[in-house]
Amino acid sequence: MGNRIIVDPITRIEGHLRIEVEIENGKVKNAWSSGQMFRGIEMILQGRDPRDAHHFVQRSCGVCTYVHALSSVRAVEKAIGIQIPETARLLRNLMHAAQYQHDHIVHFYHLHALDWVDIVSALKADPAKTSKLSETVSAAPWGGIAYYKSIQQKLQTFVDSGQLGPFNNAYWGHPAYQLPPEANLMAASHYLEALRLQAKSAKMHAIFGAKNPHPQTLVVGGITCIADLVPDRIAQFLYLWKETQEFVKNVYIPDLLAVASFYKDWGGIGGTSNFLAWGDFPQTPNEVESCLMPGGLILRRDIKNIQTPNQEKVAEHIKHSWYEDGAALHPFKGETKPKHGEYDTGDKGGLMSFFSKKETGKYSWIKAPRYAGEACEVGPLARVLVAYAKGHPEIVAVVNNTLAALNVPVDALFSTLGRTAARGLETVVVGDAMEGWVMKLIDNVKNGNTNTYQSYEMPDEGMGYGLNDVPRGALGHWIEIKDKKIKNYQYVVPSTWNLGPRCEKGKLGPVEEALIGTPIADPKRPLEILRTVHSFDPCIACAIHVIDPTSNEVYKIKVL
Amino acid sequence: MDKQEKEFYGKLEAKGVSRRDFMKYCSALTATIGLSASYVPKVAEVFAAPKQRPPVVWLHFGECTGCTEAVLRTMYPWIDELVLDILSIEYQETIMAAAGEQAEQNLHDAVKKYEGKFICIVEGAVATAYDGAYGKVAGRTFLEIAKENCPKAAAVICLGTCSSFGGVQAAKPNPGGYKGVGDALGIKTLNIPGCPPNPVNLIGTVVNYLLMGKLPALDNLHRPMFAFAKTIHDQCPRRSHFEQGEFVTTFGSDEAARGYCLYKLGCRGPETYNNCPTAKFHGGTSWPIQAGHPCLGCSEPDFWDKMTPFYEEK
Chain A
1 MGNRIIVDPI TRIEGHLRIE VEIENGKVKN AWSSGQMFRG IEMILQGRDP RDAHHFVQRS
61 CGVCTYVHAL SSVRAVEKAI GIQIPETARL LRNLMHAAQY QHDHIVHFYH LHALDWVDIV
121 SALKADPAKT SKLSETVSAA PWGGIAYYKS IQQKLQTFVD SGQLGPFNNA YWGHPAYQLP
181 PEANLMAASH YLEALRLQAK SAKMHAIFGA KNPHPQTLVV GGITCIADLV PDRIAQFLYL
241 WKETQEFVKN VYIPDLLAVA SFYKDWGGIG GTSNFLAWGD FPQTPNEVES CLMPGGLILR
301 RDIKNIQTPN QEKVAEHIKH SWYEDGAALH PFKGETKPKH GEYDTGDKGG LMSFFSKKET
361 GKYSWIKAPR YAGEACEVGP LARVLVAYAK GHPEIVAVVN NTLAALNVPV DALFSTLGRT
421 AARGLETVVV GDAMEGWVMK LIDNVKNGNT NTYQSYEMPD EGMGYGLNDV PRGALGHWIE
481 IKDKKIKNYQ YVVPSTWNLG PRCEKGKLGP VEEALIGTPI ADPKRPLEIL RTVHSFDPCI
541 ACAIHVIDPT SNEVYKIKVL
Chain B
1 MDKQEKEFYG KLEAKGVSRR DFMKYCSALT ATIGLSASYV PKVAEVFAAP KQRPPVVWLH
61 FGECTGCTEA VLRTMYPWID ELVLDILSIE YQETIMAAAG EQAEQNLHDA VKKYEGKFIC
121 IVEGAVATAY DGAYGKVAGR TFLEIAKENC PKAAAVICLG TCSSFGGVQA AKPNPGGYKG
181 VGDALGIKTL NIPGCPPNPV NLIGTVVNYL LMGKLPALDN LHRPMFAFAK TIHDQCPRRS
241 HFEQGEFVTT FGSDEAARGY CLYKLGCRGP ETYNNCPTAK FHGGTSWPIQ AGHPCLGCSE
301 PDFWDKMTPF YEEK
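Protein chains in written order, with the numbering used here: chain A, 1 to 560; chain B, 1 to 314.
Since the hints were derived computationally from the structure, they do not count as laboratory data. There may be inaccurate statements among the hints.
[Unchecked claim] As a list, the in silico DSBU-like pairs of lysine-lysine whose alpha-carbon atoms are at most 35 Å apart:
| id | chain 1 | residue 1 | chain 2 | residue 2 |
| --- | --- | --- | --- | --- |
| 1 | B | 172 | A | 484 |
| 2 | A | 154 | A | 264 |
| 3 | A | 200 | B | 117 |
| 4 | B | 314 | A | 154 |
| 5 | B | 113 | A | 124 |
| 6 | A | 337 | B | 306 |
| 7 | A | 333 | B | 172 |
| 8 | A | 154 | B | 172 |
| 9 | A | 339 | B | 188 |
| 10 | A | 200 | B | 214 |
| 11 | B | 172 | A | 337 |
| 12 | A | 264 | A | 242 |
| 13 | B | 214 | A | 487 |
| 14 | B | 214 | A | 440 |
| 15 | B | 113 | A | 440 |
| 16 | B | 172 | A | 446 |
| 17 | B | 152 | A | 339 |
| 18 | A | 505 | A | 313 |
| 19 | A | 487 | B | 113 |
| 20 | B | 117 | A | 124 |
| 21 | B | 306 | A | 154 |
| 22 | B | 280 | A | 485 |
| 23 | A | 154 | B | 113 |
| 24 | B | 264 | A | 524 |
Just chain B, same shape as in the assembly (with noise of 0.2 Å):
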């Protein structure tokens, strides 16, 4: 071991966590992105404390704050060390101490002297009606500052259904005239949905960055695919249940209790694709269907208007 590791590992003891343990959160994190055992030790690399930590802008559009929120959730690593010791968060309302004049400053500074090379995140839809008047943050669009900011990004990450698809407020009759980013700006971007989406799929996906230099392989929607790849339904621990008809048809029944499948109370596992039944929220403690509530299919474009009525059988 050279010496920044064992101090890393020295770090993480005085944390309480061993290096048993972290090895073992690496092998997971290395599973759910899909490379193989070999990169096991590359991944806890990347956590060793980069020099430079790679530099993230942060930006809040249409939104309601759960990505945020979702992130901050996290546990491997906790957020402390994906603020303090593997990213440079040089943007983000939520957190940042800055306000104001000087918020503003800190946005426009991070984004000239990393450009082309940091990493933003987009939280929250663009408004687009009206000249986008429906959102503002010091006297901007969102649509202007998106347009001015993203392209400028060595990638564009937008977490959660909002930045990409457009989310609630883009539900019919979308008053704001609300859009995904990469549909609002015609850019490509990397889409990470879910409402909130899992935390696991955005640190995968920045250990992918770290590790590989590039984003990870992405399906039509732009999702990655070590998470996206499969339906809900084909990864339920319920589906025996389904294919022997059992099936629960009223909340709180014994059926329910017991666990049966919920398709027949509208359970839209069969048409998402994301994976919570295997990476499921806050290091494995439950997900959806787990809590007995249907599928909602909160991951996929345009949810609120195809998925809707939740409670029906499609």
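Excised from the complex, chain A in its bound form (with noise of 0.2 Å):
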């Protein structure tokens, strides 16, 4: 039997995330990730106003923040039977791909870079070393051996001043860091001109949706901001775009590329086997077939054989989570109770082990969402994954270029490394369209095409669905409506599909499935554990929520 070992709290992460391993001849031989924290969100929906759904949900997650509440008014929308005005649909376009640009640049940054670069490292580089390196591997616009100079002085004043606060304690000198002090340097720069940069990008939301987190302008059949489509304002989301879309293209990537190709042994550690996007950034009122990123399943890595996804074959399991037994159901048709209980990964402690079964019990507030009783890896990974499968031609020239620059198969997209490259690739081709979508504003605002809002009449009754893709992954939000109320309301999440526990047939989740083989150098210092939990960019706040207790009965589900 192998050596347990829990991380809890697993930091740089939203949400209260536990992750346990055992651990054999120095790799993960078994996994379990469990949510620690319930609040039941869907629970309070019932009964209420469906128009005002957006703003429960969007409390979901202040990290993933705009992209549940853009779910959502499309569930009702699509039960209520309205198309969104073309305007209000670039502007929503518009938040989503900025929710992107600002959402893996602070991940890759600030949640997952000391993963990989090690802080303390830096104050042994040489600056000299530092601008020469950074010169070739990146088009920053800061650098030289002044600039870097006075980045270590910063590091060192902290260091010297006896408080390290957030640096401190962590696994610094762990013989897994492999990248040289410069290179180490030019990071810990670039994560302080990204905490800069990430406040200025989220100010894009803000033009448009008031402030982030939380941007403020959707509403059920549109958007509000129809005031701030004048000149000035646009343009100063342009200019802050701009700003943002260079530094992803200087920065970023050479980053992700410099570092990479430190850690190539990374692009076969930390695969999971089946891929689910739903698709998203419709660019005609057809919103399915005109998705800028497509939708599509790919199964046991089979790139070739790429499916079309369908909802209906999603079901939530719980056999392994905190609610009361029951069978695996669709969104649509779910029963769900809480029951709170002991954490039980089947590890009995001490002498008791030997004498007990190891049968993994309940463990997790996240449930186990399956398509068509598979296990989905969701995000970036399975949207580049898709895309490259169907020949998307900006997805398979980053790509390409990618795999060539570090010199390494396909079959490394299948992994930690790739997860983690497929996130800055991705926000590359989303961040390149965002520029048609402002000139298409333009033009609608010069030619009078300034309406955002379709007016609608709530039914009495209703179902409808929004499926998404947000920058964590697949999301479906699932309405229905009776006595023009929330009747139900349910949401599954990307955390969900990729931190949930072990199905009903024990299959392990995604996460789970990643964990086992990696190697661990030293267990009382789990770095490697940290680098793929925090590739799939975790969101635990998002992934709990309950399923309201309903009938039995089968809904058939309305397609609008």
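Two chains, two separate frames, one set of hints: put the complex together.
So, in structure tokens, the structure goes:
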């Protein structure tokens, strides 16, 4: 029997996540992912006005802000049977794409980078060599010996103060850190620059959406910011987009490649088998077919046989989650009752382990969504694989360039490194598309096509769903309206897919699967676990919610 | 100017911030927190890198991390300055490098070392049903963690509506029995509600604390008076439209494009105390009513129940 370790809290994520692994011969042999908080927003939504739902669900998460609100208004609009005006769709896409840019930059630099970058080692760097390295690999607008000296001095002053704050007691000096001091210094400086850049990028949301997080401009039927459709506001948006996209291309991607080149072995660690994307960024009223990022399903890594996903095949399992036992059900007919209990991963502890069975019991508030019985990874890697397999020209180009630059085969995509790279690559493609949408918006304003709202009558009854692909992956919201009120509301969220536990058949969730085989150099400082877990960009507040108790009646799903 | 001050302005200039800009910011902040102009140089001093940065322990409970995100958007000072030059963030799960046992150790060490001296910032509500079983970190409930650490702080600042008053998870039927920290523990907290709160109001509170050695004056809900003394309605730039009877009744209409009053679409500005119209978000970029959306009342207790349905005139 291997040695069990628990990492709780997993930091540099959203929410409360606990990861347990069993280590044997220096590698992860088994893994358990556990969500540690339950709020019950879906229960809270019952009986409320469907127009209000997006405000509630947006509070699922302040990191992936905006996206739940977007999915919610889409679901309600489908239930009502309305289409929003073109200008509203453009604005929604622009805000969604701005969320991709912001979210992915923050993830790479502030949530993930310290798994690869040893900040303490940067103190030993030669600023002159760092400057040279930076000029070779990156087109960053800052640099030079004086610049890197000043950053190093800033870090040194910080360390000398004896108050290490957020950098205290991390895995610094761990043997799995591979970057030379000069690369660490370059990355540390970009960590700081990115902190400021993200504050500017988030302003894109504020221009049309008042604030970020939790923009306040979406409504069922469209978007409210009609008074902001004036040249100076649009120009400010365009300027911020440009500054952000330049950062993505000149700093983020070069840093990604530079770091990846030292960690190519991670192109063979942390992979999963199945991938699901619903697709997003509709460019015409025909929302599913016109998505910039297409939907698709890949099973057992077979990218030659890409399938069209069907939401009817989604079911959530609860055998290993803290809910009263029941069958795995589709979101429209779910029945769930929270039932808190012991954390049971089958480890009885000490001597008892030798006598008791090691069966895993209930251990998470997260449910286990399955597509036709299979656990699926969702997120940037799923989207990029789907788009690549479908021959999406921009995605094919960036993926092939990256594989060539790193001199690795396509198979290397199925890994922790591939997941982290895919996130950067799709940021380039989605960011590039934004410029065209802004130009279209300007055209519309010029031609007086500023209609941003479709009025409607709330029906007494209706059902609808919104399938979306948001920065962390495939997101679905399902709503049933009765007497103009919410009868039932569900959402199946990216981190529910990725961080969920075992299903009733005992199949592992994607993160659990990805962790198996991960080398662990020092069980007391399991840096390698953080690498793979963070590569999924977990968002645990989103992942946990409850489906209300309803009858077992099978609903016909109304597809509009 | 003494040496330290010179160094400080040198650093600012290297970042492209002139001394003049900096003083302008300090004036604005001084005005926001309701101090007289004579305090401006002192506010500047607070930012001039104190020798011992005040320790901060930041706890996350039942929340969405939106309050952390909101603070990451601060532009004056920038977040890297707040984290590296002004405060000493001893524990903050979203940004800290350490994880697991090492992270836990940081929390215990900081609370022990700085007992009675650290600022405790809390984000999120505390689950109280079933002995707090609905929310845990490192195997301990939010309730246990709050009980153990909050009373040891010099001050507990509840950042956001959730830690202040319970927030969205406390909306009916409140399955987890979530409560604000003051309510859950029976202690007095300083509350900076808002969903999200404006980072300017946290910075203002911290500056007030560092400057005066005490917390700012509070209203009956323990919110700083400098931010929460007036209603949105009383400060609203659309107020004259309200007085003239010029209302938006449909989103996207000509009236909406003209920026008429949103009262008839359910605006809760008249019942909501906050400084959104004057402070705005993102360095003055916008705020909800400017974006054409009615105020939700997001800084008021129980607004998810009391202010809904949002789109109905009260």
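(request) Compare the structure with the hints numbered earlier in the document and write down the numbers of the violated ones, lowest to highest. (result) 4, 8, 13, 14, 15, 16, 19, 21 and 24
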